[in-house]
Amino acid sequence: MRMRWNHESILFLIILAIALAGLFGGTKLPLTARFTIGSGAAPVIYAACVLVISAVLIIKALRNKEPEKLIPLTGKKGLIFVLLCILFAILANFLGFVISLFIFSVPALVYAEGWQFKKALPFALIWTLVVYWFFVKILSVPLLPGIFFSS
Amino acid sequence: MNELFSSISLLLGGFSSILTPSLLLACLVGAIAGTLVGVLPGLGPSAAIAVLLPATYGLDPLIGLITLAGMYYGAMYGGTITSVLLNVPGESASVVTTFDGYPMAKAGRGGIALGIASIGSFIAGTLGLILLTLIAIPLARVAIKFGPPEYFAVMVFVFAMVVGLNNEKRLKASLSLFLGLLLATVGQDVVSGTPRLTWGSVTLLDGISFLPAVIGAFGLAEVVQNLMTPAEFITDGKAKIRVRDVFPKRQDLKDSTGSIVRGSFIGFLTGLLPGGGGSLSSFLSYGVEKRLSKTPELFGKGAIQGVAGPESANNSASTASFVPLLSLGIPSSGTSAVLLGAFVMLGIQPGPGLFSENPDVVWGLIASMYIGNVMLLILNTAFIPYFIWLLKISQRTLSVIVATLCFVGVYSLNNSMFDIWVMILFTILGYAFKVYGVPGTPLVLALVLGGEMEYSLRQSLVMSMGSPSVFLERPISAVLIILTVLVIVMPPLLARYRRNKSSDQVS
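Quick note, the sequences are listed as chains A and B, same order. The first sequence begins at 104 in the numbering used here and counts up one residue at a time. The second sequence begins at 150 in the numbering used here and counts up one residue at a time.
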């Protein structure tokens with residue numbers, strides 16, 4: 104029977120890889136202790152279960168003759184949104200939480216939500232200021248200051 | 150009888166303690182936020198509670214818990230509005246409401262559908278609370294005798310139920326469960342102190358916090374899904390509702406009374422079961438109503454019983470899920486797992502000791518739920534037009550607002566950017582799970598309970614000098630283990646029996 108790799112089987116393959124890592128890490132730890140199981144037993148048992156189930160699901164996904172349920176990338180909005188979240192996480196360490204939030208919000212509004220740039224800019228600015236005022240000033244949450252505001 | 154009077158007097162004490170402006174305001178804020186969460190299709194109650202949890206830091210625990218609990222049961226009310234008017238369920242428990250609610254709206258009876266749903270939700274919520282008041286203390290009394298073997302058996306039973314109730318997706322639910330259990334082992338081993346699966350990372354010594362995981366898998370993943378496949382809203386004017394349209398007529402009330410009462414009890418019983426929750430209860434109630442109806446052909450075309458039963462059931466189920474959470478400290482659904490996290494973060498440990506150690510908190514919380522139900526009845530009849538307006542204006546800002554709250558909420562848990570990365574990874578995983586039909590709830594429950602379950606197992610084995618028979622020697626754990634085996638073994642056997650029977654009939 105001809106089998107073809109698809110998105111679903113790749114998802115389960117990634118999970119299988121996590122299980123292999125868990126199995127490898129778990130077997131390095133003691134599996135037994137006095138009267139009880141050791142610290143490595145649970146990771147090994149769980150990883151073995153994940154390994155077997157994901158292997159079965161990979162085979163099922165490969166044998167599936169129905170049209171593949173592709174992750175819809177045609178609109179790309181969700182993908183852009185995830186990439187912007189990653190960009191935020193990278194920038195926050197350098198530019199600080201608030202500036203990075205502003206940088207995240209403008210393209211998120213424009214590309215993910217379809218706003219015009221000239222409307223997105225003031226909204227993002229107001230939103231960022233509201234977040235700063237509420238969380239930093241009112242709730243005293245110590246958000247990352249970034250290189251410009253660190254003392 | 151003494152226990153009944155003691156529960157009632159403690160409940161009255163709870164009422165007297167929460168009748169303060171700050172606690173009533175917390176209840177109102179929770180109810181409004183919950184309704185909004187229910188109305189907005191991009192945000193479920195579990196994610197919303199997780200996202201707003203950091204906003205309760207530094208507050209009195211009772212204020213925080215009243216607000217977060219209000220969001221949970223409030224979401225069950227709010228989900229109806231978009232289901233009926235826009236054919237878009239605000240949260241999963243309201244999917245069934247679209248079957249008859251939307252046809253009612255198309256026929257110009259949307260207001261009646263919303264009115265009867267609110268009344269049903271109020272009656273079911275209140276009946277559920279009465280049952281919660283009556284059984285919480287007796288259950289906690291039993292649970293106080295639980296040792297590690299019983300706790301281990303309860304948790305194994307919870308996992309078996311959560312997987313077993315995913316009929317068509319048992320294998321995928323098992324994968325989700327074991328992946329969650331595996332991830333829960335990351336970090337320092339509580340017994341020996343050995344680092345496990347940390348790969349030399351100091352950050353991973355504390356393990357994978359479940360809140361970033363939940364916020365990613367349930368919150369941001371839902372936003373991504375909405376951006377990928379946006380909900381199509383109707384704009385033909387049917388969504389316009391005036392306050393006077395919401396009040397049902399006498400005949401509507403007469404037609405719905407039985408459905409509301411049945412839905413309340415079905416919801417309560419399913420809500421007690423691990424993995425039961427709102428969606429299962431509403432589907433069950435719909436099935437029962439259709440079967441009992443003299444006019445089943447009207448279901449799907451605007452039968453009022455098809456709205457009244459399921460809406461009552463999902464509200465009652467959300468109330469019932471507080472029973473195992475408060476009495477045993479065991480969450481039965483993804484949302485109650487997040488609530489358990491909220492309890493712990495606010496310095497309250499749910500479980501059998503809660504009723505004796507923090508009676509003011511627990512009875513104040515239960516009393517607030519009675520008051521919250523009244524507030525929600527008023528909000529969901531008199532303020533529906535405003536929620537629709539809020540839904541319309543928030544549509545194109547939701548992703549940014551939710552993402553911001555997720556970023557701030559997750560970061561402020563430990564002031565750590567690592568948690569933000571965990572959240573983003575779980576967002577991607579959660580979205581992939583949604584696309585390929587892998588249930589996320591087992592993963593979250595496993596992340597919450599995995600460590601505790603392993604600890605109970607190790608303690609039990611030490612108690613019995615290494616003999617696993619300890620689980621069968623103690624009556625409660627033995628019964629739970631037998632039930633677990635039945636939950637795992639029976640469904641495939643029954644399916645096989647049915648297949649054989651049907652093939653015999655064909656031949």
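Hints in this document: simulated from the structure, not taken from any laboratory. We put the beta carbon where it would ideally sit given N, CA and C, even for glycine. Please note: incorrect hints may appear among the correct ones.
[As the list claims (entries may be wrong)] Simulated restraints, written as ranges between beta carbons of each label pair:
(1) B:644 to A:183: 53 to 61 Å
(2) A:183 to B:319: 47 to 55 Å
(3) A:252 to B:508: 22 to 30 Å
[As the list claims (entries may be wrong)] One side of the interface only, derived from the structure: several residues of chain B facing chain A at Cβ under 10 Å:
(4) 157
(5) 158
(6) 317
(7) 320
(8) 334
(9) 340
(10) 535
(11) 546
(12) 641
(13) 642
[Said to hold, decoys possible] Here are a few chain B residues that sit away from chain A, every Cβ distance over 10 Å (derived from the structure):
(14) 496
(15) 614
(16) 638
Name the hints, by number, that the structure is in violation of. 1, 2, 3, 4, 5, 6, 10, 12, 13 and 15
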